[in-house]
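Listed below, chain by chain, are the residues.
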Amino acid sequence: MISIDRKLAIATRIAKEIRRDRRSLALIIGAPIIVMSLIGFSFQDQKPVLNQVAPALIATMAMFFVFVLTAISFLRERSQGTLERLLATAVTRSDLLIGYLAGFLLFALAQSVIILLYTLFVVDVDYAGNLWDIIIILLIVTIASVSMGIFISTFARNEFQVVQFIPLLIAPQIFLSGMILPTSQLPIYFQKVSGALPLTYANRALRDIMLRGASLSDVMVEIGVLVLFAIVMLAAAAATVRKT
Amino acid sequence: MTTAENNVTTSSATDSAISISGLEFAYGNRPVLKGIDLEIPRGVAFGVLGANGAGKTTLVRLLIGRLKATGGSATIFGQKPGPELADSVGYMPQLNALYEALSVRENLDFFARMLGLSNTNIRANAVARAMDLVGLSDRADSVMSELSGGMRQRVSLGAALVHEPDLLLLDEPTVGLDPELRATFWQHFKEMTDSGTTILISSHTMDDAAHCNTLGFMRDGKFIATGTPDELRATTGKPNATLEDAFLHLSRSST
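Chains A and B, in that order, give the protein sequences. Counted the way my numbering counts, the first sequence spans residues 1 to 244. Counted the way my numbering counts, the second sequence spans residues 1 to 255.
Misleading hints may appear alongside valid ones.
Quick list of in silico lysine to aspartate or glutamate cross-link-like pairs, EDC-like style, CA-CA up to 16 angstroms [claimed, not checked]: (1) A:Lys16 x B:Glu100; (2) B:Lys34 x B:Asp220; (3) A:Lys16 x B:Asp220; (4) B:Lys68 x A:Glu84.
What the hints contain is simulated information worked out from the structure, not anything from laboratory work. All figures in this text were calculated on a predicted structure; none of them were measured in a lab.
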């Protein structure tokens, strides 16, 4: 029971911290909407292009924002000494991981849903699938992303260094996951790299669901790869979460 | 069991709050602690005095179980240091280590919860008591960013003692405090040791040293002398020697 209380304490603390940071909260919701509007309204006359890009953009933003948010908050936990203080209590790895996941998941999902609804109903992207299927894919992406944030924060000493991981981890995925150019048109060696990137699978799954009305059972391979990636990232986060 | 003297007659390993023998620690090839022996009875304020880099923080981190000794051993209440002892040990790190967006009450409540006080009423009482003790009841709902450095330091102390531990490990708790606040802190510490709590406090100022029941002068990863403030002053052979004189005297004769 006590252990559940610790996870809950961490999750509610994170939620409280995000909620109080009004400007960040506004940016979390506002920035993706601006990006989506920019792309959405630029391609209004070229619907097929927009239909290809939008699902990928939803997945990219779900991964990107949560990653940066988690990496910076966990970095602060390390650099301000609160993690050191926490580790002098009976806190466990699972308390920290589950607490962090639960704390961020709520905001990440709210963000994803808002972007999704905006994309479907304001930008007016074609849409054939089930809304819940899309949310499940985004949930898996978010879990992987929170874990990746915790893991990567181990390698950064300050916020500046965290930001440097964005071009390293996110930008290649944007270019190689098929968001801009179909993966089949990439040089063969980049196609191989593309096959190893989680965003490639998230894009494919979301496109199949949104454009072709596929169900979850149709995109089981993509889901499998994403779940595997989430598990690997969770394990990496668990291995490094106690480092100060 | 209020003072060190009461414990002398029955001194055994488990009667000690802290028992350390031949403790060594190295960061890679660089030795930081080079064989520490120490017995701290219950209900005593023990000061670890030494310059920056002497190994004080390393010693404290070994005692909370964050570092693993490379040689020798340390026990707290007869047990190996680690999270299992979290109920009976309070730790105040050198950094304030608090959540900036949370209020005084929320910070203390969070750490109390992490320290296992899961019952809401018990926790609320513990938090109120801790805020009262560090004199911040009237600032309970101020967020950290609104507080002065000294106030933050007090919240940090409150977070270390919110679960009423039997042993407090305080890493330089008085750094940056004005004289008045320092006196207040020592008043708290005195009350706590009087009621049986053991306090290990690291510091590099001799102001703190004079308040401790016993002291260990640390230099280059070793204790060069331990004793009461009077005993250490006496080592200089001069009647009006200060603790600073004693430290310098002992430092020179140890090299």
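Cross-check of the supplied hints:
{"no.": "1", "hint": "A:Lys16 x B:Glu100", "in the structure": "holds (11 angstroms)"}
{"no.": "2", "hint": "B:Lys34 x B:Asp220", "in the structure": "holds (8 angstroms)"}
{"no.": "3", "hint": "A:Lys16 x B:Asp220", "in the structure": "violated (44 angstroms)"}
{"no.": "4", "hint": "B:Lys68 x A:Glu84", "in the structure": "holds (15 angstroms)"}
Checked against the numbered hints listed earlier, the structure breaks hint 3 alone; every other hint is satisfied.
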